[in-house]
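Asks: Given these sequences and hints, build the entire structure.
Residue numbers (my numbering), protein chains in the order written: chain L, 49 to 675; chain G, 49 to 675.
Possibly wrong hints are sitting among the right ones.
Given that identical chains are not distinguished, each listed pair holds provided it fits within a single copy or across any two copies.
Claimed, not checked - Below, in silico cross-link-like pairs of lysine-lysine (DSSO-like), each with a Cα-Cα straight-line distance of 30 Å or less:
| hint | residue 1 | residue 2 |
| --- | --- | --- |
| 1 | K556 | K620 |
| 2 | K614 | K556 |
| 3 | K556 | K633 |
Don't read these hints as lab results, they were simulated from the structure.
Listed below, chain by chain, are the residues.
Number of protein chains: 2
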Amino acid sequence: MSISLQPVDFASVRFTGGFWSERLRVNRRVSVPLVYRRLQETGRIGAFNLDWRPGREPVPHHFWDSDVYKWVEAASYVLAERSNPSLAARLQELAGRIAAAQQPDGYLNVYYTVVEPKLRWTNLMRSHELYTAGHFFEAAVAYHRATGDSRLLEAAQRFADLIGRVFGPGPEQRPGYDGHPEVELALVGLYRATGRRRYLELARFFLEERGRPPHFWDRERRERNDPAEPEPVPYERLQAHRPLLEQTEAVGHAVRAVYLYSGLADLAAETGDRRYRRTLDRLWESVALRKLYLTGGIGALAVGEQFSGDYHLPNETAYAETCASIGLIFWARRLLDLDCDRRYAEVMEAALYNGALSGVSLDGRRFFYVNPLASEGRHHRQEFFGCACCPPNLLRLLASLGRYFYSAAEDELCVHLYGAGAARLEISGVRLRFVQETDYPWEGRVGLEISPERPVRFRLRLRVPEWCRNWSLSINGTSLSGRLSRGYLLLDRTWRPGDRLALDLEMKPELVHAHPAVGTAAGCAALRRGPLVYCLEGVDNPGLPSIFIDSARSFRPVRVESGPLKGLVLLKGRGWRASRAGWEKRLYSDRAPKLEPAPVIAVPYFVWDNRAAGPMRVWLPRPPAGS
Amino acid sequence: MSISLQPVDFASVRFTGGFWSERLRVNRRVSVPLVYRRLQETGRIGAFNLDWRPGREPVPHHFWDSDVYKWVEAASYVLAERSNPSLAARLQELAGRIAAAQQPDGYLNVYYTVVEPKLRWTNLMRSHELYTAGHFFEAAVAYHRATGDSRLLEAAQRFADLIGRVFGPGPEQRPGYDGHPEVELALVGLYRATGRRRYLELARFFLEERGRPPHFWDRERRERNDPAEPEPVPYERLQAHRPLLEQTEAVGHAVRAVYLYSGLADLAAETGDRRYRRTLDRLWESVALRKLYLTGGIGALAVGEQFSGDYHLPNETAYAETCASIGLIFWARRLLDLDCDRRYAEVMEAALYNGALSGVSLDGRRFFYVNPLASEGRHHRQEFFGCACCPPNLLRLLASLGRYFYSAAEDELCVHLYGAGAARLEISGVRLRFVQETDYPWEGRVGLEISPERPVRFRLRLRVPEWCRNWSLSINGTSLSGRLSRGYLLLDRTWRPGDRLALDLEMKPELVHAHPAVGTAAGCAALRRGPLVYCLEGVDNPGLPSIFIDSARSFRPVRVESGPLKGLVLLKGRGWRASRAGWEKRLYSDRAPKLEPAPVIAVPYFVWDNRAAGPMRVWLPRPPAGS
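Replies: Below, the structure written as structure tokens:
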């Protein structure tokens with residue numbers, strides 16, 4: 049084991065009275081029960097009864113199971129944090145139903161049990177059998193952790209053991225891997241939960257085998273020998289075009305990519321293998337420097353839900369699936385534990401507050417699957433989706449949010465994110481309470497109270513976000529000039545009960561600009577304050593889409609006092625609006641539209657489409673010279 | 049008959065030594081034979097043998113016939129202009145094959161004869177049976193006109209008579225109409241070629257019946273009574289959501305729309321009915337003022353190949369099908385004869401020189417189906433398409449190009465377009481030769497020589513394009529100050545053999561701006577000179593996509609002396625390039641990219657993607673103030 053840092057357990061982190069406590073309350077009280085109802089209404093829950101018969105509608109889909117597993121995982125996190133007898137009962141009932149659907153040999157997938165049992169393990173490229181297995185393992189670990197009930201964890205091990213018999217390098221085994229990565233990271237989780245090293249080895253096998261010639265999916269295709277079968281998708285779309293350790297560019301389906309890279313990061317953490325780290329570094333740079341939306345969205349293309357080429361980041365047609373931002377958070381989180389470097393935390397925070405959080409409405413009832421950076425008014429939140437991966441994925445992210453705030457090692461505590469609440473920790477064998485008092489992300493002042501049971505020396509790393517130009521820190525009222533180590537303030541001292549830190553992160557509205565190779569942002573800027581990207585909506589800004597912005601200096605944060613956005617901080621300032629006078633009878637002209645001063649109201653990106661339908665823009669043109 | 053103006057017959061108009069003579073030579077010598085080969089290779093020609101049997105590949109498609117008919121039409125135009133024995137032989141052979149495929153009752157459609165004969169006339173919404181009939185009628189008229197051979201024209205009448213028996217208002221008839229308009233305009237053409245008024249009445253029936261409740265397609269659907277049938281597309285996509293005369297906004301599939309509106313314009317010309325004119329005016333404004341790309345492209349959305357909402361004109365994802373620009377030219381041409389107003393000619397010319405002509409490569413061998421206004425480098429010309437409507441459509445447009453230049457009435461001649469060549473005309477009973485000496489569209493000077501057999505008085509209308517700010521005119525060396533009447537200079541005089549006019553249209557590079565509601569052009573401008581929209585390609589401009597342009601003043605037209613673009617006029621000038629220095633390790637920054645002066649080379653939009661693959665932009669950002 050080469051792990052030095054590990055995430056602090058989410059259940060030790062409580063959010064109280066701030067931004068996240070409200071979001072998590074909505075998640076717990078509204079979205080978690082609502083998604084359960086949707087899963088039920090659409091037949092996903094009932095499918096586990098295995099009573100489907102040919103001709104009956106709906107036909108279970110081959111990855112329906114995963115939607116249910118993600119809900120089980122989310123509900124377990126909710127339950128681990130606080131008791132909830134009715135939720136516990138529902139979970140137990142569902143766990144029983146799932147366990148009963150497991151086949152005698154350990155196999156578990158509804159579709160390949162009742163709809164196409166003969167096709168089991170015949171088409172890993174498309175079947176999602178290992179993908180659904182992975183989500184089952186994650187759910188089983190979470191459920192066991194929350195309830196102590198070992199039924200699902202035992203079922204998971206039986207299934208993992210079956211998979212381990214079928215797949216592997218041995219002469220009687222098949223050298224396969226799934227078209228949709230997920231089982232790899234889940235197997236590492238199962239290893240961590242059970243201590244059974246063979247699950248780690250199986251994860252390693254899947255990761256290392258992926259894309260190796262001769263290609264397993266070619267072999268499967270030959271074995272199926274079905275002339276009517278459509279052409280396979282290009283293996284690049286599934287990150288299987290060459291061995292993973294030879295991949296240098298993030299390509300293909302974005303969610304699959306970041307799930308795959310997360311599994312690789314887990315393996316790197318468990319093995320310390322430098323080859324994995326080098327691959328992860330290259331892939332990270334490919335994403336973070338060339339393929340990332342300002343919002344933390346990834347996967348620009350709707351076709352294949354995939355990454356586009358370097359710097360190709362279209363706004364209105366941005367796919368930027370909610371699940372992809374969530375997976376990016378998973379991946380960044382793992383990299384942070386390998387290397388406490390701010391560059392990972394920046395992306396994790398941007399994705400969390402923007403491209404992931406935009407996936408659910410303020411009331412917790414409507415969802416975005418696709419998160420464009422501009423809309424002419426036709427893109428709206430929906431109650432659910434036929435392919436329903438995103439809503440339960442958000443549930444489990446939010447229900448385990450504490451996991452993303454802190455890493456700890458024997459004598460070290462890293463603070464990656466800020467938010468009002470308290471964590472219970474143990475450092476150097478001493479239990480301590482770590483309290484954050486802050487209105488982050490609306491304000492940049494963070495009060496930290498560190499209360500060890502007795503004085504204890506450890507290194508505290510506090511992230512100073514990259515967007516923050518000026519910051520100050522004091523300890524027990526004495527100001528301190530700290531040094532940044534890869535973006536973290538490092539404080540190495542003996543901490544005593546009641547020690548208080550005041551970290552003040554200057555949080556000003558600012559204009560952000562994109563790399564010149566990003567054509568879709570050329571001549572434009574975006575408004576950002578702290579970790580929040582802002583956007584303009586038509587409901588606030590009658591001139592959209594032609595609102596111009598030249599500076600952020602006039603912008604002030606303004607708290608909304610009432611209405612649907614109550615409690616949120618908007619940015620209000622001045623920009624320019626292209627006048628439509630004289631344009632009634634022409635669509636094009638040799639004269640440029642005249643710009644006139646206009647008030648501008650910007651809302652956090654994650655908040656858009658919570659009110660009236662209408663256009664939205666993140667990237668705003670800057671007023672041309674001479675206009 | 050209320051027609052006043054009529055197009056001058058294309059075969060009377062010859063292009064010599066200028067822009068169009070070369071384009072038409074390539075069309076005649078390369079594209080026409082090449083598209084025939086493609087039609088042959090893909091099975092479209094052989095399908096007329098009616099020897100398809102179940103299980104054989106390829107299965108004829110239900111509108112394959114139309115691709116062949118458009119080729120027949122184009123080849124007939126080529127033949128009408130100059131003799132070509134081998135083309136004539138091929139056409140005759142093909143005409144015989146087509147005629148032989150006609151069924152004893154007059155029906156003609158390969159798919160519904162050999163593949164699904166039982167489905168004849170059961171699903172007009174999807175079947176394209178009347179659409180292919182319409183293209184057959186157009187081909188038949190053209191073939192007869194070119195060869196004097198009446199086989200196809202007789203076959204067309206038999207088919208039209210069958211259609212007229214099946215469809216119509218009578219108690220034994222069906223009140224149907226096709227999902228893809230085309231037969232309407234073709235029936236008017238058949239009426240004009242044969243004098244049989246019943247074809248005009250049938251066209252009127254189809255146009256007036258369209259969208260009337262109770263909806264015919266609902267009735268067809270009930271009659272098919274097939275529970276497995278997918279939901280119909282929204283009727284709005286096919287311009288059948290309400291009666292045509294109640295439609296006020298251009299919606300749905302753009303090609304279908306402009307074919308439909310062209311048929312309505314034909315009906316308006318033949319009947320003089322003011323209701324038709326009012327509808328056409330409203331629909332024209334919807335397109336020309338709110339849904340038209342600068343290039344003359346229409347139909348912004350790939351999904352459904354349809355118009356988007358007002359002012360929604362995305363660049364990179366612009367669909368702007370070649371056929372849609374061609375259909376827009378058809379429509380604008382018809383409106384010009386109803387009302388010689390420049391506004392129609394402007395759109396016709398823009399579509400011709402940009403969005404339509406871009407559909408074929410300079411060498412005539414490769415085609416665009418989709419004509420975006422920006423590309424990050426992945427959109428390229430292709431040799432052919434599975435849905436191959438565009439290439440043969442371009443063939444027939446170019447082969448009959450003369451049709452778009454002049455309109456004539458008893459005592460009037462309107463000149464809509466300029467191009468080197470000569471036309472033979474008859475005005476007021478006097479034959480005359482009308483010669484244009486010009487390098488248009490590369491230069492704006494046009495010398496006109498008018499040579500009537502004997503002095504004759506008539507009104508000459510010369511279009512002064514809207515892009516032209518300054519112009520001068522002289523007659524036989526004496527300068528003249530004329531008055532513009534709806535954009536045309538009106539000269540009412542007695543013309544004598546050898547009269548010479550010199551029209552000088554100032555043609556300067558200029559920046560064009562879009563209506564403020566067009567968000568995708570906010571803060572941007574496009575380069576235009578004369579009728580040509582220019583674009584930047586990566587092969588000439590290393591800074592793309594971040595090339596900024598503040599003025600057209602530095603731009604000069606430069607004739608290319610050699611290489612693949614030889615003879616074309618580029619625009620060379622100065623702009624600004626965003627420097628990538630300092631951006632190596634960041635994708636976003638609070639500092640705007642620095643702009644540095646850069647040479648800019650622009651090529652006519654229709655020329656793009658004729659050299660190295662790479663990015664392209666029409667709308668260029670203007671340098672922000674202070675940068």
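Asks: Within a copy, between copies, both or neither: which one fits K556 and K633 at a CA-CA cutoff of 30 Å?
Replies: Classified as between: cross-chain Cα gap 23 Å, same-chain 42 Å, threshold 30 Å.
Asks: Tell me, please, which holds for K556 and K620 at an alpha-carbon limit of 30 Å: within, between, both or neither?
Replies: within (12 Å within a copy, 43 Å between copies)
Asks: From the Cα coordinates, with 30 Å as the cut-off, is the pair K614 and K556 best called within, between, both, or neither?
Replies: Answer is within: at 21 Å inside a copy they meet the 30 Å cutoff, but 55 Å across does not.
When held up to the earlier numbered hints, the structure conflicts with none and fits them all.
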